[in-house]
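Asks: The chain contents come next:
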Amino acid sequence: MYLQVENLSIAFGGLQAVDDLSFHVNQGEIVSLIGPNGAGKTTTFNLITGFLNPDKGRVLFKGKEISRLTPNKIAQYGIIRTFQKTNLFPGVSVIDSVVMGGYRQVKESWIDILFKTRSFHAAERVLQEKAKAILNFLGLEKKGEYLGKNLSYGEQRLLEIAIALAADPELLLLDEPVAGMNPSESEKVMGIIAEIRKKGITILLVEHNMDVVMNISDRIVVLDHGKKIAEGLPSKVQENPLVLEAYLGKGFIHA
Amino acid sequence: MASEIIQQIINGLIIGATYSLMAVGLTMIFGMMDIINFAHGEIYMLGAVFAYYFTSLLGLNYFESLAFSIILVMAFGFIFDQLVLRKLRNEPTLITILVTIGLSIFLQSTVMLFWGPSPQGIPSPFPQKTIQFGPIFLTPLKIFMAVITVVVIIGLHLMIQKTMLGKTMRAVFQEKEAAAIVGININRVYAINFALGSGLAGLAGVLLGTLFVVYPNMGLIAVVKAFLIVIMGGMGNFLGAIFGGLILGVVESMAAGFISSSYKDLFGLLLVMLILIIRPYGLFGKKY
Amino acid sequence: MRKEIRTISVFSLVIMAILVPLIIPDEYFIHLLINAGLFYMLVAGLNLLVGYLGKLTLGHTAFLGIGAYTAALLNLKLGATFPITLTASILISFVISLLFGLIVLRLRGPYFVIVSLCFAEMLAIVAINWISLTNGPMGLPGVEPPKFYFPGLFEIYLDTKISFYYLIFILIVFITYIISRLVHSTVGRAIISLRENENLAESIGVSAFRYGLIIFVIASVFAGVAGCFYAHYVSYVNPEIFSFSYMCTMLVMLVTGGKGTIIGPFLGCIIFTVLPEALRVAKAYRDPIFGIILIIVAIFFSQGMAGLFGKLWARLKERKFP
Chain A
46 MYLQVENLSI
56 AFGGLQAVDD
66 LSFHVNQGEI
76 VSLIGPNGAG
86 KTTTFNLITG
96 FLNPDKGRVL
106 FKGKEISRLT
116 PNKIAQYGII
126 RTFQKTNLFP
136 GVSVIDSVVM
146 GGYRQVKESW
156 IDILFKTRSF
166 HAAERVLQEK
176 AKAILNFLGL
186 EKKGEYLGKN
196 LSYGEQRLLE
206 IAIALAADPE
216 LLLLDEPVAG
226 MNPSESEKVM
236 GIIAEIRKKG
246 ITILLVEHNM
256 DVVMNISDRI
266 VVLDHGKKIA
276 EGLPSKVQEN
286 PLVLEAYLGK
296 GFIHA
Chain B
3 MASEIIQQII
13 NGLIIGATYS
23 LMAVGLTMIF
33 GMMDIINFAH
43 GEIYMLGAVF
53 AYYFTSLLGL
63 NYFESLAFSI
73 ILVMAFGFIF
83 DQLVLRKLRN
93 EPTLITILVT
103 IGLSIFLQST
113 VMLFWGPSPQ
123 GIPSPFPQKT
133 IQFGPIFLTP
143 LKIFMAVITV
153 VVIIGLHLMI
163 QKTMLGKTMR
173 AVFQEKEAAA
183 IVGININRVY
193 AINFALGSGL
203 AGLAGVLLGT
213 LFVVYPNMGL
223 IAVVKAFLIV
233 IMGGMGNFLG
243 AIFGGLILGV
253 VESMAAGFIS
263 SSYKDLFGLL
273 LVMLILIIRP
283 YGLFGKKY
Chain C
-14 MRKEIRTISV
-4 FSLVIMAILV
6 PLIIPDEYFI
16 HLLINAGLFY
26 MLVAGLNLLV
36 GYLGKLTLGH
46 TAFLGIGAYT
56 AALLNLKLGA
66 TFPITLTASI
76 LISFVISLLF
86 GLIVLRLRGP
96 YFVIVSLCFA
106 EMLAIVAINW
116 ISLTNGPMGL
126 PGVEPPKFYF
136 PGLFEIYLDT
146 KISFYYLIFI
156 LIVFITYIIS
166 RLVHSTVGRA
176 IISLRENENL
186 AESIGVSAFR
196 YGLIIFVIAS
206 VFAGVAGCFY
216 AHYVSYVNPE
226 IFSFSYMCTM
236 LVMLVTGGKG
246 TIIGPFLGCI
256 IFTVLPEALR
266 VAKAYRDPIF
276 GIILIIVAIF
286 FSQGMAGLFG
296 KLWARLKERK
306 FP
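Chains as they are written, first to last, in this note's numbering: chain A, 46 to 300; chain B, 3 to 290; chain C, -14 to 307.
The set of hints was computed from the structure by calculation and includes no laboratory data. A portion of the hints provided could be inaccurate.
Said to hold, decoys possible - Short derived list, chain B residues pointing at chain C, Cβ under 7 Å:
no.: 1; residue: V101
no.: 2; residue: I107
no.: 3; residue: T112
no.: 4; residue: V226
no.: 5; residue: I261
no.: 6; residue: Y265
no.: 7; residue: D267
no.: 8; residue: F269
no.: 9; residue: L271
no.: 10; residue: L273
no.: 11; residue: L276
no.: 12; residue: I277
Yeah, the Cβ is synthetic: ideal placement off N, Cα and C, and Gly gets one too.
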């Protein structure tokens, strides 16, 4: 198993935000984490990526325990995430942001930096080329010189994905990538996500948009009040009465 | 020996209580507005300077001067917030810090232009004699200081818990956006908060200026101590600021009494650095 | 096109800097330039930390003082010459900043600012009170000018203003080169990413702690170098060197010149050393004006003069090539 979440629990004050959660993601899959608001989906992301430390339980990646590592160390393992609220480098241009994203990709030693060696120049060139390629992939190539903060909302969300891709992810965690987008924008992003999977990147998705989730996921994990209430193929999960109850409330179940 | 220790502790508590005033002011400003007010020390200094001018040059009585100084300082805080800080509500913290540092430089050096070469004391209205309470010796001034700090802190606490204004302030403190949605004038609350915080600093300035001396640079070491206390107690933590102030006062007093007077300031600093190493968010603070 | 312009401008500035003391041999003018140079070493390091990494410190004077006292004590008590005092200042600043950084850099923004200020204050208290070592408030007078003494080989004694100028010029070239290389590399991008959005930077693998430490140590070592030079130039080191007033001056220079740019510190240092003299502003009025300038610049010109020039340049380019 690629990513394993085992008995993960965390409480804030009196509130149990994540309660004994266990699930796994296999390599090459697209797994979606869904659930009503407040179910603990983003908290789970934060626990996996090191922004929060669990009270109980653990997270394993490729067999290694990563539960209490700092975010940057987890990123170094190849686990890259995006955020629910748009997170960019506000004063930096689009192309530079993506180049910055490539931090993990290139090693420049002190000697390289101070003496402008050939490997230094090669590394810089590689970063620029990869950044351009990623912008092309996402359709942002014309906006290279724009400052991140001056892009439209949809473009900013794409830029976030670009930065994450630049970080050379093996496992990509996307937190509500199409939130606030209109149908055509969402479709575009979903196409991109499918393409990302084709490149061999495993994806764990948090999303509210059911069309998107049902169409693209291999498996779905459903959370409610911090607990897992269902897991499995999209078609099965769709019919699960517990899931319907969680989303719609008790009065709406019909045979 | 035991009575000496108790004496030092009491001394420390009284001075520490004044530190607490400053720290509470600072933590109120930080807790609500996310502003690290580096000019807090200069506002403390202004309180002392105003009181000095009122008593020595205008001949007003001590309590009137105290009141006027605090009012002036609060007005200054209110105006500064509305004129300058208001524009910076959404700017990164670095900018606001730089602005308050700029204000601090401006105030300190401007006062230096008018101040003479030597420190001055604010004349105390109380007789100089010492009164004995069991093993402890206190002067009327120190008793006054203790009483007024306790009264002000309790008053502040009551105001915040019981009055409409206090409730409004707490609302803004906890959830600015929600408070704005229900129609609270956030700007006004910020300004009042800043004015209150400044008033506390000014009061501390008058008190310590009477106990010790007044000079234009007095703000720096005061604001450093206030920051240390706020750090010790946790940013935005009212109770932490109070306890932190008392603790710092006592530690300084004990260090001065039993180790070395000249290094006493050092101990406060070392204490806080030690605390921060063990508990990076302060004694009572939480992840910020 | 831009690269050629940049290389030519840098080159011409360097040539100008080399020729200036020969063209204007006025001692006082050179003294002003040396002052500007001293501040530059401090502000350039501060710029790395505050401008590029975005981490404010108020304790930069701590390392200025550490460097100065190290050099002064070694020279006065052991007769050490410049190469030795410089190496010692660098090493000691390195070690102390490393230890201090390891302890303190885990602290979030406001905490770090205050603790750094405390550190400088603590050193000041120690310098004032540890009279047997530092001679207390009286300070350490009589530090020799830089001497390069290799027995049997040669002996260079730099005791004229012009020689100081060239010495500091060389140091500045080194420092600027290192900073410029750093900033245009992975390290530079990493620290800028931390400044712009620390969470995002961490999520792509950048360690805030590691880079904070690296930059803090580099900046502090530069300050230590400035301190060493200060000791040999001014000849007299006292606890005033830790004063918050110097810290404020550095900040005003940095912010006005333009933080986060290479040229900013140059602009800031020259403006605030040369201009006050040129305008014959009385010293007492300087600080109030500094305070106001800091407020105004922080609010309205947060990019400093470098930013203003940058915008002007961009607008000019637009006009020329619409």
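Asks: All hints, please: hold or fail.
Replies: Taking the hints in turn, this is what the structure says about them:
Interface hint at V101 of chain B: satisfied, since its Cβ lies 5 Å from the closest Cβ of chain C, which is below the 7 Å cut-off. Interface hint at I107 of chain B: satisfied, since its Cβ lies 4 Å from the closest Cβ of chain C, which is below the 7 Å cut-off. The criterion of a C-beta within 7 Å of any C-beta in chain C is met by T112 of chain B, whose closest approach is roughly 5 Å, and the hint holds. At a threshold of 7 Å, the smallest CB-CB gap from V226 of chain B to chain C is about 6 Å, leaving the interface hint in force.
Violation of the interface hint for I261 of chain B is found here, the shortest Cβ-Cβ separation to chain C being roughly 12 Å, above the 7 Å cut-off. At about 6 Å, the closest approach between the beta carbon of Y265 of chain B and any beta carbon in chain C falls short of 7 Å, and the interface hint on this residue holds. For D267 of chain B, the suggested interface contact is upheld, since its CB lies about 6 Å from the closest CB of chain C, less than 7 Å. For the restraint placing F269 of chain B at the interface with chain C, the shortest Cβ-Cβ distance is roughly 10 Å, beyond the 7 Å limit, so the hint is violated.
Contact between L271 of chain B and chain C, as hinted, is supported at the beta carbon level, the nearest pair being about 5 Å apart and thus within 7 Å. For the restraint placing L273 of chain B at the interface with chain C, the shortest Cβ-Cβ distance is roughly 10 Å, beyond the 7 Å limit, so the hint is violated. About 10 Å separates the beta-carbon of L276 of chain B from the nearest beta-carbon of chain C, more than 7 Å, and the hint is not met. A distance limit of 7 Å between C-beta atoms decides the matter here; for I277 of chain B the minimum to chain C is near 11 Å, and the interface restraint is violated.
Taken one by one, the earlier hints fail for this structure at numbers 5, 8, 10, 11 and 12, listed in ascending order.
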